[in-house]
Amino acid sequence: MISVFSLSSFSLSMSADEKDYKERLIATVKKEVKQVMEESVTRKFVHEESGSVTSLCGAVENCLSQGLRRRALGLFKTSSTTALLHKIAKHCAEADRISKKVQEIENVDPNRRSSSSSDSVTKPTLKKNLSFPTSPLPRYLWIRLALFDKQLSKIIDYLVSNAPKYYDKDALVADPDYGTILSSLLVGPCALDYSRTKSVEQFWTDPPADELVQRHRISSGHSTPPSVRRPILNFRRSLNTSSEDTFVSRSTTQHLAKDYVESLHQNSRAALLFGKNNVLVMPAKDDVTEPMPGYLSLHQTPSGLTIKWTPNQLMNGFTEESQDKSIYWDYALQVRLDDIVYVHCHQDSEAGGTIILVGQDGVQRPPIRFPKGGHMLAFLSCLETGLLPRGRLDPPLWSQRCGANSTTKRRRPLPALSETEEATKDYVFRIIDNSDHKHLLKRNDLMDIKASLPTKVRVQLCSTSTSSESSSKSLSIDQQIVPDSPPNVCIQAVCDSMKKQIISRAFYGWLAYCRHLSTVRTHLSGLVNSKIIHGENASQGITLEKWQELCVNGVVTDYAEVYRLTYFGGIFHDLRVEIWPYLLGHYKFGSTNEQRKELDEETKQAYENTMSEWLAVEAIVRQRDKEDQAHAIAKLSSESMSGEQVPNEIQRDLSNEVFEDIVTDDEESESEDEKESNQRNKKPRKTKQNTIKYDSDTEDGEKQEPVDQSNEELNNGHSAEKCDVQDNENENIDGTVNNCLDGENLTCELQIHGSIDVEIDNREELKDFIHNVIVTNASVDISNLENECPIRNHLDAVTEENNSSLDTCIETHGLASPARSACVSPASSNGGVYSQELLKTFGLNLHRIEKDVQRCDRNYWYFAGENLDKLRNVMCTYVWEHLDIGYMQGMCDLVAPLLVTFDDESLTYACFCHLMERMIENFPNGNAMDCHFANMRSLIQILDAEMYEQMHAHGDYTHFYFCYRWFLLDFKRELVYPDVFTTWEVIWAAQQVASSHFVLFLALALLETYRDIILSNGMDFTDIIKFFNEMAERHDAAAVLKLARELVLQLQLLIENK
Amino acid sequence: MASRKKILLKVVILGESSVGKTSLMNQYVNRKFSNQYKATIGADFLTKEVTIDDRTVTMQIWDTAGQERFQSLGVAFYRGADCCVLVFDVTAPSTFKSLDSWRDEFLIQASPRDPENFPFVLLGNKDDLEPRAISAKRAQQWCQNKNNMPYFETSAKSGSNVEQAFLAIAKNALAQQNSTVDLYNEFPDQIKLTNTQKPSGSGDSCSC
Ligand SMILES: Nc1nc2c(ncn2[C@@H]2O[C@H](COP(=O)(O)OP(=O)(O)OP(=O)(O)O)[C@@H](O)[C@H]2O)c(=O)[nH]1
Ligand SMILES: [Mg+2]
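Top line first, the protein sequences correspond to chains A and B. For what it's worth, the UniProt record's numbering labels the leading residue of the first sequence as 1, then goes sequentially. For what it's worth, the UniProt record's numbering labels the leading residue of the second sequence as 1, then goes sequentially.
Since no wrong hints were added, every one of them can be taken at face value.
Here are the simulated BS3-like cross-link-like pairs (lysine-lysine), alpha carbons at most 27 Å apart as the crow flies:
#1 A/Lys30 - B/Lys171
#2 B/Lys171 - A/Lys31
#3 B/Lys146 - A/Lys635
#4 B/Lys137 - A/Lys626
#5 A/Lys635 - B/Lys137
#6 B/Lys97 - B/Lys137
#7 A/Lys1026 - B/Lys32
Some but not every residue of chain B turned toward chain A, in silico, with C-beta under 7 Å:
#8 Ser17
#9 Ser18
#10 Gln36
#11 Lys38
#12 Ala39
#13 Ile41
#14 Gly42
#15 Ala65
#16 Gln67
#17 Arg69
#18 Phe70
#19 Ala76
#20 Ala133
#21 Ser135
These are computed hints drawn from the structure, not numbers from a lab. Every residue gets a Cβ at the ideal spot worked out from N, C-alpha and C, and that includes glycine.
Starting from the given sequences, assemble the full structure and let the hints guide the process.
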């Protein structure tokens, strides 16, 4: 009554919503009915287990449970329509009939009572027999039965006409319209015949031929009953024969064999994840002396994974009729993965490898031996994917992705750190099942194990020892003990034996767990230095006084102390300029003042040389950009004005910046140009048609204008560029374009004469090999600014392959070194030869760099003004020298703190190169990120077991993507500038003092800092990403660093005590 | 009364670097434009409650890094999306050209159930800037070939059309969710065999 009242009171406001909801409920039923009816037409019958039947039943269930007066009916506990059915059975004959059937089925296996029909699937099912567990009851059992029995619409009719008794006023069933619609909708499906006769095309549109053959062979030849009972079949059979008998009779055995073998294949209830024949297993039977070959398969059902192994004798069908195969049913293996905690892998370079599954009770299953050819790894990775999202393997098989070499990949499915060890190795993986999480207890009374036991072991201990609660886990133990005991046996004895068993099993479980932990430990030992260095008197870090002590006459020899002090206390800010280059490996410890000065000088020289190189290229890129812009706009206007065909050139170089596709049209037009230019090479060229694309639609006389424009534009920019042609020299070296480079921060005096020499060489070559390369000849002449000739970037063709000298000059992307600057290349500032490819690549990078530089730390004082240009220069220089790597987002963030500290481009550049040696691996294409994630996982497991277990409540945590930015930028975005400085130097020093993976401990420390928030709020993947994004630049860096150092020490001690 | 699930719509914003994804998201959710946004690294999301046809839904808008190389990260973030927003910069032709690749990549990585009908919405951003390089006509033409993808010209800076665009995005996402997630059918989809793992268990086939 109360519920009716309260409902109606707000039904006014809710009515629109309510109606909408009912509408949708009915619509769903309609849709499902249509589906079922269609299926019956197209397939001539509907299978009982068809997905559409399940959906229909689900839809009906939803209609029937809406507005059910649970309280009034005493159904408030169950929320079940099954209870309603039993309730109306007294008054409604049809309901009575179905109600009886439901009870019958439930009585077959009392442990599978489906008082709530809708959740029967998710309940853990009790295993009576390890090798053949029962399948779960179908969902929506009574509705299903009523449908198959053609009673459903009648039962619903009854409910509709008696609705006030069972339903709220505004329930769907009580609604005069919807109620009748519902029951009449179901009249159709209730007229159908449902079958459980298997036919091949039922579930599959296209089963593979060999599977069909096999199915047929098996189902046609077999006549011996399998040794196991499968209660689920009884229910089905009783439906067909309406017999009361619940035992397997001979007539059904054929079905059983057939069902079993069919279950090995993909079907509606289970997906086949892995299948491999000729896998050897030694069945635990007395009469078997040798391992037998069989078919190993991994199946996924809604309730979990199952591993099956079937002897070949059964798989091969029944061609040798004389033989009695029944015995082989005993050998078949069926293991539910829910029961398995550990997977021992024995890798063997000779054979394919062996897997032993260990149950939560510590009992080992028969070894499964794989044939050669990576099948074990294949199996493990299928297993790993199959476990997701509810569970997973631990440690993960991640090094697969880390493995760089594809040939060795296969051999190393296991943690990368073990790569240092021999290939033949045992591993113990744990299967982690997140769904058990809620059973977790914090304390374990039976044994005082400091490191926590795996969840499952604990669950078992707790449930058995505490009570007679019929948790399925405890029952599984009880049942094995109790049946043997005579009823009058002393309770004490039973208890004792139980206790013994529990303890021994717990012990085995614990043992397996310890082995697993040792695998993890070995895996982690590479993360920290084994030597523990203490931080006495180091908390102040490197102060001015300390530095004076360390730096004797400008020479620093005690590098260990520098590292130690830095690690434990950081560096006084003003000293960073001096000390950072040491930490990053730019300055050598022990070097003198003079040596370092020299190095500085060299670095500067090299930097400036490199810079002048790319500045020349930048000029060309800018020019092209202008053209492209003009073309795009021209196209836009022509498009809007007349819609006429856009000239071909306009499309030129509207290249796809991201995905770098090649426009073939261009190549054609260019090669034409090349021919022309080829001819013109012989005479002096003042104007060249093919030089600049926009020339094509303007008169010769107007050519100068756009160039001037571009010059203006360039002058506005950071690097002014003035171009002209030196006529005198160009008489013999025609086509030379002279670029003046006049940067704000440096002035490049370019060697005109050197360039001429090089030019002449090139000219010789150009005459011989002509192909698709742009030659721009740059030299300096400011005085000739007014000269009439415009820039002439002419397309001259040089065959790269035939010209080794050009090749080398174009492809000098190696690491920057002082030596590099000594070599004068034609591609240098002296003017040069650039391939189209090079121009394109560099142009692309240039744009990306600019976009990011503009957005880099605009709110930090240092970058408020011109310093952004310095950042850009450093970035471009790096990318120019590493064009194969190219610019990647995030690099700017890594340059910025260095630049802020040094305020010197060349030093920043040199140190950045050193920094990138480590950081580059974090970027896409590197493999460090995956390794970081995997290591994080293992670290958390060892150092914070509670967090680890909690995290598994959310399978998504396994991604650890919330750490992505942390690792990519060494926490640069997470902290404010002063903290970034300290954190970075600690990371660099840590390598020598404590751990070369210090970032992991920083990450862990960040997590630990907020662990209570994370745990108490049950944050999931998305929550935590959001949380840390919002927390950026708000962390207490000093505390986090301190914690990180402590965590390193903790792990060092743990490994020491191993 | 059966409880109704809270509706969460997951929206993923894609497009080349610097087209204004982060700015658009912040303009929509926080109604402000800032010059201080940094290039996005990794991924971030904001949520916003919207009311569509009297139903309140939560939009979870994911913003990822624009550089193509970082797309490998996408898998983790694309999955389960209800709508994908493609953004280009109307003043930068290359950002328009790459749209196809973004769309394809999304479909591959997110592998929605019904890729043909998965909802995309196209935004031409920086509407306030001159000179334009991509006309509305050209963008619309592109959309026509893509299942009549809705197209909006927006400005994250001025905020113009942002609200309308995201409302359309929300509607599309909701429609998508209603059509594919059958609330009552919890029977899992069949998982198709991958080509390498054929259940060819018969003994007469070769052993490897
Ligand atoms: N004039 C104008 N500028 C905009 C608009 N939207 C974004 N911007 C600017 O364009 C630049 C890039 O914007 P972001 O939002 O950071 O671009 P993004 O797409 O998130 O870039 P990534 O994070 O690198 O993928 C910033 O400098 C913005 O200020 C707009 O509508 N009009
Ligand atoms: Mg962004």
